[in-house]
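*Asks:* If you want the building blocks of each chain, they are given just below.
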Amino acid sequence: MIPLFNGISIYFFWTDIMIWGLFFSLLVWSRVIGRSEQVKAQWHRVFESNVAMIAAIILVTYFAIALMDSVQIHLAHANTQPGSFLDVLLTHLVSATERTYSAPFALSEFTKSTQMGLNGEMQQVYLPLKHVDATASIWMQSIEAIALGLVISAVLIGLHGLYLARLNQTSLIGMLSAIWFEQTKLPWRTAYITLTLLVVVMSWLFILSYSFHVLGTDQVGIDVLYETLKSIRTGVLIGVLTTLVMLPIALTLGITAGLFKGWVDDVIQYLYTTLNSIPSVLLIAAAVLVMQVMINNHPDWMQSTAERADLRLLFLVGILGVTSWTGLCRLLRAETLKISQMEYVVAARAFGVSRAKVISRHILPNVMHIVLISVVLDFSSLVLAEAVLSYVGVGVDPTMNSWGNMINQARLEMAREPMVWWSLFSAFVFMFILVLAANLFSDRVQTVLNPRDNTK
Amino acid sequence: MFAYIIRRLLYAIPILIGVNLITFALFFMVNTPDDMARAQLGAKQTSPELIQAWKVAHGYDKPLFFNEKAPGFEKVTNTLFTQESLKLFMFDFGQSDAGRQISSDILQRMVPSLSIALPTFMIGLITNIALALLIVLFRGSVLDSVTMTIAVAIMSISGLFYIIAGQVLFSKLLHWVPISGYATGWEGAKFVVLPILIGVFAGLGSGVRWYRSLFLEEINKDYVRTARAKGLSEISVLFKHVVQNGLLPILTGVVVVIPTLFMGSLIMESFFGIPGLGSYTIDAINSQDFGIVKAMVFLGSVLYIFGLILTDISYTFFDPRVRLNG
Chain A
1 MIPLFNGISI YFFWTDIMIW GLFFSLLVWS RVIGRSEQVK AQWHRVFESN
51 VAMIAAIILV TYFAIALMDS VQIHLAHANT QPGSFLDVLL THLVSATERT
101 YSAPFALSEF TKSTQMGLNG EMQQVYLPLK HVDATASIWM QSIEAIALGL
151 VISAVLIGLH GLYLARLNQT SLIGMLSAIW FEQTKLPWRT AYITLTLLVV
201 VMSWLFILSY SFHVLGTDQV GIDVLYETLK SIRTGVLIGV LTTLVMLPIA
251 LTLGITAGLF KGWVDDVIQY LYTTLNSIPS VLLIAAAVLV MQVMINNHPD
301 WMQSTAERAD LRLLFLVGIL GVTSWTGLCR LLRAETLKIS QMEYVVAARA
351 FGVSRAKVIS RHILPNVMHI VLISVVLDFS SLVLAEAVLS YVGVGVDPTM
401 NSWGNMINQA RLEMAREPMV WWSLFSAFVF MFILVLAANL FSDRVQTVLN
451 PRDNTK
Chain B
1 MFAYIIRRLL YAIPILIGVN LITFALFFMV NTPDDMARAQ LGAKQTSPEL
51 IQAWKVAHGY DKPLFFNEKA PGFEKVTNTL FTQESLKLFM FDFGQSDAGR
101 QISSDILQRM VPSLSIALPT FMIGLITNIA LALLIVLFRG SVLDSVTMTI
151 AVAIMSISGL FYIIAGQVLF SKLLHWVPIS GYATGWEGAK FVVLPILIGV
201 FAGLGSGVRW YRSLFLEEIN KDYVRTARAK GLSEISVLFK HVVQNGLLPI
251 LTGVVVVIPT LFMGSLIMES FFGIPGLGSY TIDAINSQDF GIVKAMVFLG
301 SVLYIFGLIL TDISYTFFDP RVRLNG
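Chains as they are written, first to last, in this note's numbering: chain A, 1 to 456; chain B, 1 to 326.
So that you can see chain B by itself, here it is in the shape it has in the complex (with noise of 0.2 Å):
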């Protein structure tokens, strides 16, 4: 299993390069280094030489892949795409536009975007599977068929009119919770309880409809007809046999997501003026601040990536059929 872990470690190599690629050439589309040094250097004070001087200093006065006048291996070493993009693989964010540590901005709103993220998942989780359980008990009958329609209502409403209609709710006319801000601690409590609930509903529908098709897909096999012959009733049936075979399919959806819930949501955070780094991101498309753009693609791939190979890894612990080969 460990040769397996560093092949899919080497894997992920190429594709990050990959990924790179794509945002520097998107980044360089849109600016050239000549446009970022006026940017950063205002629209007063810029003269050739001025540009020149921001370009050596931040490294911007390198050709973008291929260093024609350097000498052997540098012609590829020393340009800007090796000497910017490749220093992501160390984690290196280096600075945004504005001059900030990108690193030390990220950690720093990490805790926000998992402050919501984590619950709203962890919450979410529970709720669907209970549901969805509550479904399959009751299936075939009445409350299945309203359940399921009331369950596609829910999934095709804008997770937007759901913000803006528990703002209106529960901050405007109720004023049970404020209507966005942050705080650290338990002061923050306050603050977070409107948007996990949110994402928690939002998410809702798809969610036990998804759980309920992969009960029932599971209930309808041979071990479950043999358990229910051996006389056990339906209750223990589903929760002894068909939860714990579920677990494996349940695991494929979970385990991807988690390392992106450090990604925070983009809308939800920005809607409630949280500092995580789904808001962070936004600000910095808004600004055009490609440097964070750039750091964000990175490590949204990264983490992506990271969840698939943790999945694998997963499977052989609640799965013994699984055995993954080197």
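Chain A extracted, bound-state conformation (with noise of 0.2 Å):
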């Protein structure tokens, strides 16, 4: 707990930690990429794509849910149940828990209920909802909701102008033409055009959320678009920090492999063949079923349920990136073989320069291309991971939100005459726009990084 102010105090969760800290690692990298004027260029040119620019512009504001959502935030005065920064900014959704199933949009109850009219007899009804505004016109309301989004978006890309005019020295007006124009080498419309787009819809959603459950809410109440949002956290972190864990273990071996031979070569690739000949999804199970057995045997290591929720997500974060190294390290160590045989690399160990050096000038930079894209690569995958498992029962915990825990819902939902269709479809259009950006995005990252693919 570190207090703020006037009895605000905020808290991190282990994941919470790592997310930032990655965060600031990010931050700290593009400063040293900005130095490199090669390195800058290729990342220029991966940027030089629309739908490389709409990705990213998308899969930044996923990652800046999911950063909203893991800074805890506890209120002393206000008596409520402590909730991350987005618990904060969508109080009106965590407090309107209805009853049961309803439909977007819906004024009543899915279900009929059994009540008592007004002659004295039973009758079966659909009660109204609680936190439903019945007397508010969806049309005004999102009439209000555009003008405000096309309010903000026009700041945001009002001050994003001025700092391109500024750059390059011009207007205002002279830059924003210059970017409709498309005379910018990057493609500033579109990303522009995005950003508003995103702006608007988020903004709708947010206005009328207050009046009505927007995509509706599940069996026992809750609304379903504060559980989607909810989900961008788990579905994030899970693609994200699993790199993290992956990342140190491959390239140390990787390159330990490539560069010194003989028996640790030999060792090493013992290790990732047989890792890699168990079924991962196995492999992640067993390890699961490990994890939850330590963990119910030392229930003093978590305070509440949200805290071993989060130790778990940890835990499931880790055995991922133990079971998923196996491919890049083996990519690295061919890499490396290859390196190290070069002429220059060659020529500078004869003159003396210490294996260290090789590493940290010629061998990092020269596989760099390959983490970067076996990573945007594998982000998909473990979005996609963490839904099939959390159906298998080795996922997240029961209690996080989570859009395998949504979709696994769903089948008993599914069931349901009429059906209940709206998790599954929020849960499904959610996680599609993540995976489909991270996919698109990852192309274009794999065509430009490359060297050798020339199937574009």
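It is worth saying that the hints were derived from the structure and are not from the lab.
Be a bit skeptical, because a hint or two may be false.
Unchecked claim - Only pairs whose alpha carbons sit at most 25 Å apart, straight line, appear in this in silico SDA-like list of lysine to any residue: (1) B:Lys172 to A:Pro104; (2) B:Lys190 to A:Lys261; (3) B:Lys172 to A:Tyr344; (4) A:Lys338 to B:Lys190; (5) B:Lys190 to A:Leu412; (6) A:Lys261 to B:Pro14.
Since each chain sits alone in its own frame, please combine them into the complex, following the hints.
*Replies:* What follows is the structure in structure tokens.
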């Protein structure tokens, strides 16, 4: 607990600390990148594609929501449950739980309940929802929301335009017109249009969520929009943090094997072949079971269910990391073998340059593209894997919001008559957008960074 | 080549021992033999004597890795690891914790798994290659970019959605096929159609992209240019040269997968209620039956390694440049 002011204190879970740590190291890394003209030019090329620009903006938005959900805020005076910053923003949704299912924008419950009628006989009626404003007009609110969204995005675009204008030493008007007629190197027009659309949609969802359950409610009456937004953190964290676990192992072992050869190489090769030949779902399942037993035996490790869920997420990330480093390690080993045979490396060694220096000067920079490509490629498959694992029952904690848990529950809802489709639909849309953006972005990174790729 | 195969097979042994060590370690990190005895005997009638008797009867009374009391060489052999896990090398899977014979379970459940996995694989392979060829024929056109975008979209959807959507559409709304279940013989066809179709469709995105890039790489090579210069039509270049020469990389991907088909698909089988090996494993995970999990991990690893060896051997048949020396 870190007290801020006025009885407000903030707190970080373990995964929160990791994701913020990663965020700051990314910031530092981008500074370092900025120093090398060559790398900067490569990243420039990545963003020259419209699709990559759109995908990147969407990914940044998801990441931002995940970050907002990764600070726990405790308000001492408000006597509320401690929740994340996102929970504070969405307080109206947290408190707006209904009794049971309701469809998107519905005014009454999804199922009939028995109620005493006026004349004393029992009736089957649809009870009205508690947290819905039946007098609100969807159209009026939509217009307000869109207007608000346009204003916000205009401000954001204006600020960015000013920054660009300063950079290029022109006026704001000149800059904006250059952007509109696509005379800039990077597709800023596409970026601005995407941003505007995103902001408008988000403000629409936000404003209407005050009067309606925009995406309906689930079995126990929790707002589905809230659930889906909370699931973003789980998905993004699994995709991003697993990389954090996997990368050091793959880098160290891959480069060591390729550089030192001999028995070191044999041992490392044996290690990854063995791990690779175990069906990964089984390995993960077994490891998760071990973890469950461990958590059950040490109830003193965590104080609340939220903390237990967080610890389980951390374990899951670790397990996924341990099982997924083998592919990258093999690639890195092969590439290091190749590079270490090259004349300039042999010459450097002959001049007495130390091994450590050879690794940091020659090998690391030359395998970086492989690392980057496999990291962005893995992200989407990890997000998808979370859903499957949660379905099998070895994924994140059942109390944690995740798309996997939502889909899992949807199996029962689909069997209802009439069907409850909106939870599945929301999970589908939010997950699809994230994975699609990640796939498109990784495609672009692959085409730009892979020197051998001649398919395009 | 014979010497090469022998060497590869020998090389598999340390890997399989490693696989066993990992599963064994994970297994006994969760359970102690006492826990297992208690679970099997039921909570009511457990007494220390009964537990001890169960452990002796099932061979769980031995130490895990090192037997101090045993004389000489038996210090290593008379342990739980050697007795329990190394039996797997004789393909003696033993009994599940629930007391069933695992090997007969596996034999029985192999057929349903194969009846889904094999058609999915074959139909998928043919559709993927056919579509990829079609796209390569129209490379660089609007059709190419549109289908590639669709392929990325297909890839981006979780397999769970395909299954749920397929069940809702074809079973619940249209009533064409039953939602789940299984039957033997031709009766069973109606149960396997939907899983096969969904399996093929879900793999379409990544499959078409993979084969497309494979063919494109081939099409940029010199011999293709020569063939075109000779005046061959684009179609005959594609089918006579590109497909034939692309066969080798296709083979790499394909042969590795074939043995693992036996394992079935965990998700598909449990969603459609098909009594195959995939659902067998998933049930074992959920009921924490480590006897089965251990056997399935071992079987999976054996099949994977077998697939790798098979790939290398098949190389020699299709590419005369490849020679395997022992």
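*Asks:* Hint by hint, say whether it matches the structure.
*Replies:* Going through the hints against the structure:
no.: 1; hint: B:Lys172 to A:Pro104; verdict: 22 Å, holds
no.: 2; hint: B:Lys190 to A:Lys261; verdict: 55 Å, violated
no.: 3; hint: B:Lys172 to A:Tyr344; verdict: 66 Å, violated
no.: 4; hint: A:Lys338 to B:Lys190; verdict: 53 Å, violated
no.: 5; hint: B:Lys190 to A:Leu412; verdict: 23 Å, holds
no.: 6; hint: A:Lys261 to B:Pro14; verdict: 20 Å, holds
The structure shown violates the earlier hints numbered 2, 3 and 4.
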